[in-house]
Amino acid sequence: MIRAITLALLAGIAPAAADEIWVTNEKDDTISVIDTETLEVTRTIPTGERPRGIVFSHDFSRVYICASDSDAVQVMDPASGEILHNLPSGEDPEQFALHPDDRRLYIANEDDAIATVVDVETRRVIAQIDVGIEPEGMAVSPDGRIAITTSETTNMAHWIDTGTHVLFANTLVDSRPRHAEFARRGTELWVSSEIGGTVTVFAVADQAELAKIRFDIKGVHDDRIQPVGFEFTPDGRTVFVALGPSNHVAVVDAETYEVVDYILVGRRVWHMAFSPDHRRLFTTNGVSGDVTVIDVESREAIKSIKVGRFPWGAAARPTPKEG
Amino acid sequence: MTALPDVPAALAPGPGPWLIALRAIVAREALRFVHQRERFVAALVRPLVWLVVFAAGFRSALGLSIIPPYETYIPYEVYIVPGLCGMIQLFNGMQSSLSLVYDREMGSMRLLLTSPLPRPWLLMCKLAAGCAISILQVYAFLAIAAAFGIVMPWGGYVAVLPALVVSGLMLGALGLALSSFIRQLENFAGVMNFVIFPMFFLSTALYPLWKMAESSTLLRDICAVNPFTQGVELIRFALHARLEPAALGWTLLAFAVFAGLAVRGYDPARGLAQRKA
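Protein chains in written order, with my numbering: chain A, 99 to 421; chain B, 8 to 284.
Rather than coming from a laboratory, the hints here were simulated on the basis of the structure. Some clues are possibly wrong.
[What the hints assert, rightly or not] Calculated pairs, DSBU-like style, for lysine-lysine (alpha carbon to alpha carbon, straight line, at most 35 Å):
#  : chain 1 : residue 1 : chain 2 : residue 2
1  : A       : 125       : A       : 404
2  : A       : 404       : A       : 316
3  : B       : 218       : A       : 419
4  : A       : 316       : A       : 401
5  : A       : 316       : B       : 218
6  : A       : 401       : A       : 125
7  : A       : 316       : A       : 125
8  : A       : 125       : A       : 419
9  : A       : 419       : A       : 401
10 : A       : 404       : B       : 218
11 : B       : 218       : A       : 401
12 : A       : 404       : A       : 419
Everything numeric in this text was worked out from a predicted model, so none of it was measured.
Construct the entire structure; sequences and hints are all you get.
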């Protein structure tokens, strides 16, 4: 009994004593914090309007949140949940990527057809780059030289030189590209196309198309198979792809580009994040308002956790170090 | 009948004769089951057709909303498995009752009922025999379902055994109770129509209760009080290594009621004999 009370008190003093997954709830204007061991929501933190993209600084001392309808990127102290300040982001920021230098934030401004580069230290806009209509996905290469944004309506991946902030290439992809990620130590670029129902793989060196991955789920109409977010395992061999209203996550062999499995999750799966130990994967299911936990090794959904309305983005935060 | 050579031993005092009767009745039921391969195949094919054809046609791939004991979304074919286990036991219970009606027509029941042992014990033996057969069928079905990729948590395959015993006894007792009222083999078709189908369709075997409530709350309530629903839910939770006390309680209660009716029906003073007279 005494032990239980002590534990409860300790928990009250230090709520973040475990690895966490932070999920943005688009309709509730909140973040749900999930304990990766107990698989329960431990905190719900208010944010600006329509939070979507979420990313932590490299030392996890700050968390950046795209508050799309507040036209701001908010900077939050993850320990207290307080908003420290807003960054100038341009209108309707949806997704962003943090440069390896931990300073430059590349933001896609969906309504303005531009990509905004912000210095998170000086809180100033460094550059605004004209890209295609409705930019959405954003990625920065591991060496920091290339930034990618995908435009939903122009159906292109735009290649930005981060030194000059000039577009040096545009590659066509299938209809409504959503998400982009660099793979194989920056030698490949993967782009998902929501309406096209495909994921396209490019060679970064010459922007040539290497492969196009298609999906086919027994009993689900092709129209419902809409690839959105995806994440690579740390060894780079496997990639999990969220397939939107098909309510499934595909498991793809990143070396052969073959789909090896499909996992049933909640309704309209958007994005996902691995737990810091990479044993579990947390998918945000927009319509069903929950997060499905997948055991990475067995590739089985083990639980779905209720969060706020329309969960969208997800990011992992490891247990904070003492002191 | 196999019990015949043991007749002298059966007259001896002590628990011996009781066990001999149990062994004889179970052996006869097992023998009958082994000899009727078609019955075994039919018992497996019926739920498999439901699993493969019905579940596939039910937009199975998009998942069902989460209800206990499930912790995440499940495809429809996973949902339907406990109901089909129940279906096997329901049909088996009815088949046992059919065999009793047959025995009565052929005269072999008279032999059974001339045993000096108490009649409730003989009925209990018959129940245990039918239940054991149904459990074999269910495990064979679960093995085939696993081969189709519908695998339950490993603990569930062990935990489901006691649940199957309880639900099997309950459905077997229902069959026994019915058999005491059915005089002729031809009437069995009526039992199919008026007992098996409503019991199966008005239960959680095919749809969860909330789905039933969408069309009518009355339908939901009927489903909730259906003893078959309780048996299926007991199996469903057990397959996920969990105990559902309410389902267990209701199933045991239904078993007690059906067993009571069966004992009464086969009581020479009140039931069968009097009606025959």
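Do the hints match the structure? See the list:
1. A:125 / A:404: holds, 14 Å
2. A:404 / A:316: holds, 27 Å
3. B:218 / A:419: Between residue 218 (chain B) and residue 419 (chain A) the Cα gap is close to 48 Å, so the pair fails against 35 Å, i.e. violated.
4. A:316 / A:401: It holds: about 23 Å lies between the C-alpha atoms, which stays within 35 Å.
5. A:316 / B:218: holds, 24 Å
6. A:401 / A:125: Holds. Residue 401 (chain A) to residue 125 (chain A) sits at ~23 Å (cutoff 35 Å).
7. A:316 / A:125: With Cα atoms ~32 Å apart, residue 316 (chain A) and residue 125 (chain A) stay inside 35 Å; holds.
8. A:125 / A:419: holds, 32 Å
9. A:419 / A:401: holds, 28 Å
10. A:404 / B:218: holds, 20 Å
11. B:218 / A:401: holds, 22 Å
12. A:404 / A:419: Within the cut-off at roughly 28 Å; holds.
In summary, the structure is inconsistent with hint 3 from the numbered list given earlier, while agreeing with all the others.
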